[in-house]
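Visitor: From just these sequences and the hints, can you work out the full model?
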Amino acid sequence: MDEVRRRALSVLSSSGVAQDVKGDVQAMADAALPPSQKYQHLAAESVLRENTSSCSKHEVMESLSRLVKALSILEKYGCNLTSPARPRYWRSVKHNNPVFRTTVDAVKGGRRVLFLYGYTNQQMDGLSFPDDVSEPDTDKVAAVTLEVMTLRTEVDMLVKGTHPHVENFKDIVPFVAQQCDSVVQDVTSADAMVIPPEKEQQNMNKAPLVSPPPKPPQRLVAPPLKAKPSAGEAAVAVCVGSECNLCGVAPSLVCPPCGGQSFCDACDLLFHRHPSRANHKRDKIHQTKHEPCGICGISVVQCQCSTCVQRLCVNCDLLFHSHPERKGHNRTFVTAAKTSSLSLSPWECSHCTTVNEMRAVLCSTCERPRLATATSVAQENPASLPTSPSSEWQCRSCTVVNQGSSILCEVCERPRLATRPPVPLVVPAPSNSGPRCETETKWTCQFCTYVNTKPTTVCEMCNLSCKDSACSDSAGDSAPHSFQQPPPSVAIEQPQVGVKPQPKPRESVELRRQKLMREDGLGLIHHIREAEKRGVSPEEVYAALCVCGGSNVSPCDWLTSELPHLLDEICAMAASVQVNYRAGDSGIRAAVTAVERDGEEPQESDANVKLSRAEAKLAWLAAGGDMERAVTQLLRDRQAKMRELHSLGFRDVAKCEEALRLSGGEVKGALSLLQRPLLEPYHQRIWTDFPEPQIDAAHPDKQRMCRRLLALYDLPSWGRCELVLSLLQEPDVTYSLEDVVQAVKESHDRDFIRRLLKNECPCCLCVFPRSKMQSLTSCQCSVCHDCFGQHFTIAVRDKHIRDMVCPVCGEPDINDPEQLDSYFSTLDIQLRDCLDMDVYELFHKKLTEHALMKDPKFLWCCHCVSGFINDGDQLKVTCPSCRQSFCTQCKKPWEAQHQDLSCEQFQLWKRENDPEYQRQGLAGYLRDNGITCPHCRFQYALTKGGCMHFSCSQCRYQFCSGCNNPYHKTLCKTAQCSYPGLHAHHPRDCLFYLRDWEPQRLQDLLQKCGVEFNTDPDTGAQTDGCGVMEQKDEGGEQTDSPCGLQTQLGQAGLCEKHYREYLVSLINAHSLDPALLYNVQELTRACERYQVDIQRLENEEDSVYHARLLKKLMEVPLGEKVPRNK
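Convert by adding 1 to the 1-based position in the sequence shown; the result is the number in our numbering.
Treat the hints as calculated values from the structure; they're not laboratory data. Fair warning: this is a prediction, and the values are worked out from it, not measured in the lab. Every residue, glycine too, gets a C-beta built ideally from N, C-alpha and C. Incorrect hints may have been included.
Unchecked claim - EDC-like mimics (lysine to aspartate or glutamate), calculated; alpha carbons at most 16 Å apart, straight line:
#1 K656 <-> E667
#2 K892 <-> E905
#3 K611 <-> E667
As the list claims (entries may be wrong) - Distance ranges between label pairs, derived from CB positions:
#4 S16 <-> S718: 44 to 50 Å
#5 R327 <-> P131: 39 to 45 Å
#6 V452 <-> N553: 17 to 23 Å
#7 K858 <-> E747: 50 to 56 Å
#8 Y980 <-> I830: 33 to 39 Å
#9 R327 <-> M628: 29 to 35 Å
Guide: The structure is reproduced here in structure tokens:
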């Protein structure tokens, strides 16, 4: 034993693999030693007694099964610690781990094993190694792990009944010896079968893979049945074979129509499912009493599960262990398999003669059942048989067409070859006996004891068929019908005349379990939803259901009425346990054992333990409503909180407990209450009326200054405070303490901090820190706060809204509408804090007007500078500000003669009838055809002479007054344009080019095209000087005044500049192309300007070349925005 132990310890401590010591562990488990001598570290006897202290044999087996699972998990923990490649988080074990909670925490003594591994430090959420332990004790862990593996092996053998020395556990684990004896007795009785010598020799010489030729079934004739069986007769005794005719197990039924063949329950259900054999009447075989199945209670036990401690028949075993959680259970068959039986040898399909494996139910080639014969196959409907495994098939139960690869139906989940399920037969009440009393219609189910009220053959609760429920002897019985013992079941039921008997449906235990789980789940969801409406958490509902689940009281009502009393009781019990423990009561020490698992003694305190309801509620919820566990959890939590406060320096236990009670068990709240008296002197000092002295960088006590910096300015570290003091002590310091602190918060680099503190404003040229500089989002320029505020205050009060750009670089480009909207949205946020309230309101007013200008119904008044929205469709409109009227089309002051006349007709009338208009002559014509802003449609009674770059005073739109094309300050979006400065793209008929022509040349163009023009002034017009109004810059202000230049003969009373403008207006009004008068040089330059191909063809004459260029140039359209008023 010692040699095996040393060898296993050496291997396990070096490799950490449990598989390497499996043989040694089995040898140690088989050793004939009591647990007290076999286990040196584990208290194996104590662990087994604590986990098997139950009253029933079933509970003991369940406890041992749980112990096997817990020891398996503990074995993995030990192997992880001894492995050379330990997991990353090997130092701690979390309690909230679901595997740990359902295995190790579900048994008693599991945490003591973890304590032996080295997990001695108790934490809020689990166990861990102490902080001073860097590596686990591999030798000790390997020794404990080896004993855990040995104990797990022994307990597993006890559960399975295979332990070689079960007598060592008779005084430790109850029912173990009886369980082992029962298993041995069952196996002996099940295996007791006499085999003739010749048959034994035949079985030994039989080929293992090839089945012998099928022999004819044994014809066993049953004796005639008695007409009226006696009350003590259990079944009709017949002479049948000693084994099932199909599978070879013990038979339970005999079928006379089939020649007296014997069947077990499973084979009978399968064989007589065929429609041609569904009406056969079978008799029960009178045989020796066997142990019934633990679920159905009818069939004989044929297998035993060592995991769930169940003894089941074949059908119940297949159904019960089909659940995913029970698929891995280890089962052993009680009845020995017969080597000569048909079920353990290969079988040949009667249809396609394919030899299939012994476990196959369907033929691998034709998919026909194992029991199908050639005759039965021929009688089947050919359309109902599957053509191939991949073809679709129709379910015979619900008629759903399924895929060929599926074995079960997608809807009803019945097998592919299953027939339509039988309908339970309802036994009608006899009509000739009169109305039956209520006690006669009721009957009690013999399985679930449910009292049924309907005369059916199937129980309404458990769905089991009670064959004897309708056959009770009503004559001569004094007890009620529902409480009478049913008579012994007969082998053959008497069929009703004219009614086709149907097979009895078998009970589905799994469906019943799922139905109960569904009902419980729906009830829990209902309670949780009701609790959510009343502000109760699901954890509280679950804990309340654990306490009051058996009553009709609502969990929410119970929480309101009874929970406070329960919490007070838990607090009182915890206080009593703690007091009795400190008093030395040995009977109470077991209640606080979990509190001392970390090895530290509990702290001593006053006898009056103070616990709060909040702590009790948290412990009660953590315990799932169990009061005893809640008391233990409450003491454990309180002890952990006391140790945490003790580690922070608070030694007075009474004050700590009072602080925890007042804070509801929260450590942070208790810490605040405990620190408050300690901070009282500091609070008194800071609340005094004396002002706090300023921080002096030259103060000799540097540590005090650093502490004050940390307290006042929330610096990230002590080194940053020292950096602030050193920067303030540098020579020629001009920045304040707040500026230095703000810069130090951003970086710890001294050079970078100096750059942050020294920034020159480009407007006032003063030096400021970066925190006192401000920049716009459209550029990288930064100015001080004062310059920023003054610039935009002046721009809002005295300038247009489009002048509110950066004072340094003039960005962004206001003419771009996309940049304009995003720029003003961010500028509004920046101006909110730096402008006065009245200036900020004016900014919003201008911003609103700028947005309204985009509305096509917005109009500017020609009498004042106001704008408004015109919803009408008439020509005459009145300004709401100045109350004067004007025309919405020509923007001229409204006159009575304009009524019922268009704008062109009104202008013609004024020329012919207005003396003032006639006196002005062509100067009035030029004024009426002045400049109109293409962006806001505001009209100016000014001429276009002079600079063609015009800036609208209303919207600040910059355009050419001759063609209305925009001016660009930077690169434009026009193709093949790379000019970076101020420019515009003018068409060839723009005044920008035609103003350089001589008047005679302009007159020649008009004459060539047949357009009349004036050369003499109108009658009565002034001729002493040009009277055309112009915008002039006088004294830094723009004013409107007459031109005043000397007029010449033949120019209609205008100066030469304005006469050219008059002639160009006629050219534009008639859309004349000036290219007709271009010379060769002008023609070439115009073609280059408008990207016309000037490549000369080979041997092309000059006249032909010029005519071709002129034709291509005239294909380029004239200016689209050029004013063409007539």
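Visitor: Check the structure against each numbered hint from earlier and tell me which ones fail, lowest number first.
Guide: none
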